[in-house]
Structure formats: C-alpha cells, structure tokens
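There are 2 protein chains.
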Amino acid sequence: MTTKKNQKSLLIVYTGNGKGKTTAAMGMAFRALGRKWKVAVMQFIKGKWTTGERKLGEKTPGLSWHVMGLGFTWESKDLAKDKEAAQQAWETSVELINSGNQNIVILDEITYAINYEFICLKDVINTLQQRPESVHVVITGRNAPQEIIDMADLVTEMKPIKHPYEQGIPAQMGIDF
Amino acid sequence: MTTKKNQKSLLIVYTGNGKGKTTAAMGMAFRALGRKWKVAVMQFIKGKWTTGERKLGEKTPGLSWHVMGLGFTWESKDLAKDKEAAQQAWETSVELINSGNQNIVILDEITYAINYEFICLKDVINTLQQRPESVHVVITGRNAPQEIIDMADLVTEMKPIKHPYEQGIPAQMGIDF
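Taken in order, these protein sequences are the chains called A and B. Numbers given in the numbering used here equal positions in the first sequence, counted from 1, plus 2. Numbers given in the numbering used here equal positions in the second sequence, counted from 1, plus 2.
One should not assume that every hint holds.
It does not matter which identical chain is meant; a pair holds if it fits inside one copy or across any two.
To be verified - Derived pair list, reagent style BS3-like, types lysine-lysine, alpha-carbon separation capped at 30 Å:
| # | residue 1 | residue 2 |
| --- | --- | --- |
| 1 | Lys-10 | Lys-161 |
| 2 | Lys-161 | Lys-124 |
| 3 | Lys-161 | Lys-83 |
| 4 | Lys-164 | Lys-38 |
| 5 | Lys-40 | Lys-61 |
| 6 | Lys-57 | Lys-124 |
| 7 | Lys-83 | Lys-124 |
| 8 | Lys-57 | Lys-164 |
| 9 | Lys-124 | Lys-61 |
Please keep in mind that the hints were generated in silico from the structure rather than gathered at the bench.
Based on the sequences and whatever the hints tell you, model everything.
What follows is the structure in structure tokens.
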C-alpha cells in the first residue's frame, strides 16, 4: 500500500474565504517548474486576471496558461453566454487533464463555475476520478463542494484573520493581481 | 486617509498548521515578478529547501534568493551555532528590507526562528515598523506571534482540513518541495 501511495498523484484543494488560494496555486506552479515539470493553468475567472502571474505565466517555458472566454467577466447579463464560456473552459481543462502531458493542472477558481452550475459537478468528479495516474490537479475557490473535498488528498482552508480591504486598503497591483 | 492607505506597503502573514504558507509566498513572488518587481526571499529553514522553488528562484531575474546558514537543518545539537545562523539570516533580512531596493521581502518560516528565540521579536517588530514605505513584507510559518498579527495588514490562517500525510502519502518532489 505504501508503494502505491508513494506514486499517487494528488488532488489538492485550496478553499475558504481568506486570501492566498490562487496565490498558493501559483506557488505550486513555481515550485514544479523548478523541477522541470509541465504545468497547465486554467483560470475560470477572467476579468480580474490581466495579472502579474498571467504576464509571467504566458511567457514561462513549461507553463501552459489558459483563460476562460474572451472578455468574460462574470458581470455579463447574458447568462447563456457565461455558461458557454465556462463550459468551453471546462472542455479545455478535460483535454489538459486527459492528455497526460501535464504534471499539474491548476483549475483556478473553478468552484465558482461549479457553484453557479455553469459546469456539472458530476462531470468534474468523473474527470478527476478517471484522470491519468500521473496528473496532479489543484482546485481553488471559495466553497469547494463537499464531494470534491471528500475525494481530495489535501485540503487547506484559507481562513481570513485580517484583510486589508477591511482597513480601506484597496487591491494593489503586484500584490493582489 | 484613503490616499495614504492607497500607497501603503503591506505586512502580510501566512500562518496556521495547514499546507500552503510558503507556497502562497512563492505565488506572491511569481505574481510580483510578472509586474517586473524586485523580490527577495530569505528562507529561515534550510534542510527542506533543496527545493523546486529554490532551483527556479536562484536563476530567476529580479528574484534575490537567500538561504539561512550553510548546512543548517534545525536538527543540529549545537544550539549556539543554530542561533548564530538564524541571527546572520536576520541581519541579511534587515539589509534587504532597509535597502529599499526590493518591492517585496519574503521572510519564509521566520516564525520558527522567533519562537525558538533565536532572533529577537522586538528587533523584528522594530524593523517592520521602521521599514521603507515602499517595501512589502511577507512572513510565513506556524504560530505567528500575536504582536506581528496585530501589526499586519493581511493575515490568513492556513487551516488543515485534510492532509496527505494522514493518509500515508509521503511528501513528493515537485509537489511538496
């Protein structure tokens, strides 16, 4: 059993209301790239993400960077269009996972797409369960569904103790995005 | 006041017993480098850290990577030597902060050096309080002292919900280090 477990790829979940979820996922990418691993990132929330990590991510060898939908912001009034963008992002995610070419696939903020029912939780679970043995998957976002927590190997809840917004300090380039 | 706050550099603390603290700090470095910021990392625990992040960190432009003490492991029986290594690492950290040349200084796992009283909490607090306005500081490690939490702008507790070690899955290269 220990031998098998040794080889096991992990399902890692960073959830909770505190800051650091996407950031920790980016740190995992950084660490893995240092090992010459291949890492894919799918960002399920775009509006925010003309970001520092994206600027670096798009030009970093070994890192395959994907952003959901062109111009998608989650502020659209067109729910059908939003759902379509989320589903396309999910299809790309499935390809990235199933190809077996990536050591880590990061599904950044996918929980929102699941919780808004833009993509089907059951599909996500099936894909995760049937993924190639070598592919680690990282999921970030608030309110990770219990079914995903149940099947995960590592779950950390980022719990906000103190948040700069509370003190009137707005999000800053370089720090928050 | 809002204007002043807008400009404020942050003291950010990632603490708690869950995984993701150092990882989130590395993610902050990654994001900031994407903005062409200068980032310094001082790692206060060395043994673990012939790591993926260090391999990449040491060759990444804009990133200044420092590791406490040569061969320091926290497993030494020579406490005086340990303390000296920690104090040297702290002195370098003070120089990195006070130079004003770094946008972010990451003091990785410094809480252990403080809690073991290898470095003086009061010195750390003074340095943080008097730091150049432009320098963001990130502190990671379990059991961050309350005095540091009190003065921090952002504190996230990484709370372990599920940990792979509990399931007999050992730390893996590329994922954990």
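Verification of the hints:
1. Lys-10 / Lys-161: Answer is both: 28 Å inside a copy and 23 Å across each meet the 30 Å cutoff.
2. Lys-161 / Lys-124: both (27 Å within a copy, 27 Å between copies)
3. Lys-161 / Lys-83: Classified as neither; 33 Å inside a copy, 36 Å across copies.
4. Lys-164 / Lys-38: between (36 Å within a copy, 27 Å between copies)
5. Lys-40 / Lys-61: Both ways: Lys-40 and Lys-61 sit 14 Å apart in one copy and 18 Å across, limit 30 Å.
6. Lys-57 / Lys-124: So Lys-57 and Lys-124 fail the 30 Å test inside a copy (33 Å) and across (38 Å) alike.
7. Lys-83 / Lys-124: within (21 Å within a copy, 55 Å between copies)
8. Lys-57 / Lys-164: Result: close within a single copy only, 28 Å intra versus 32 Å inter.
9. Lys-124 / Lys-61: Answer is neither: 34 Å inside a copy and 42 Å across each miss the 30 Å cutoff.
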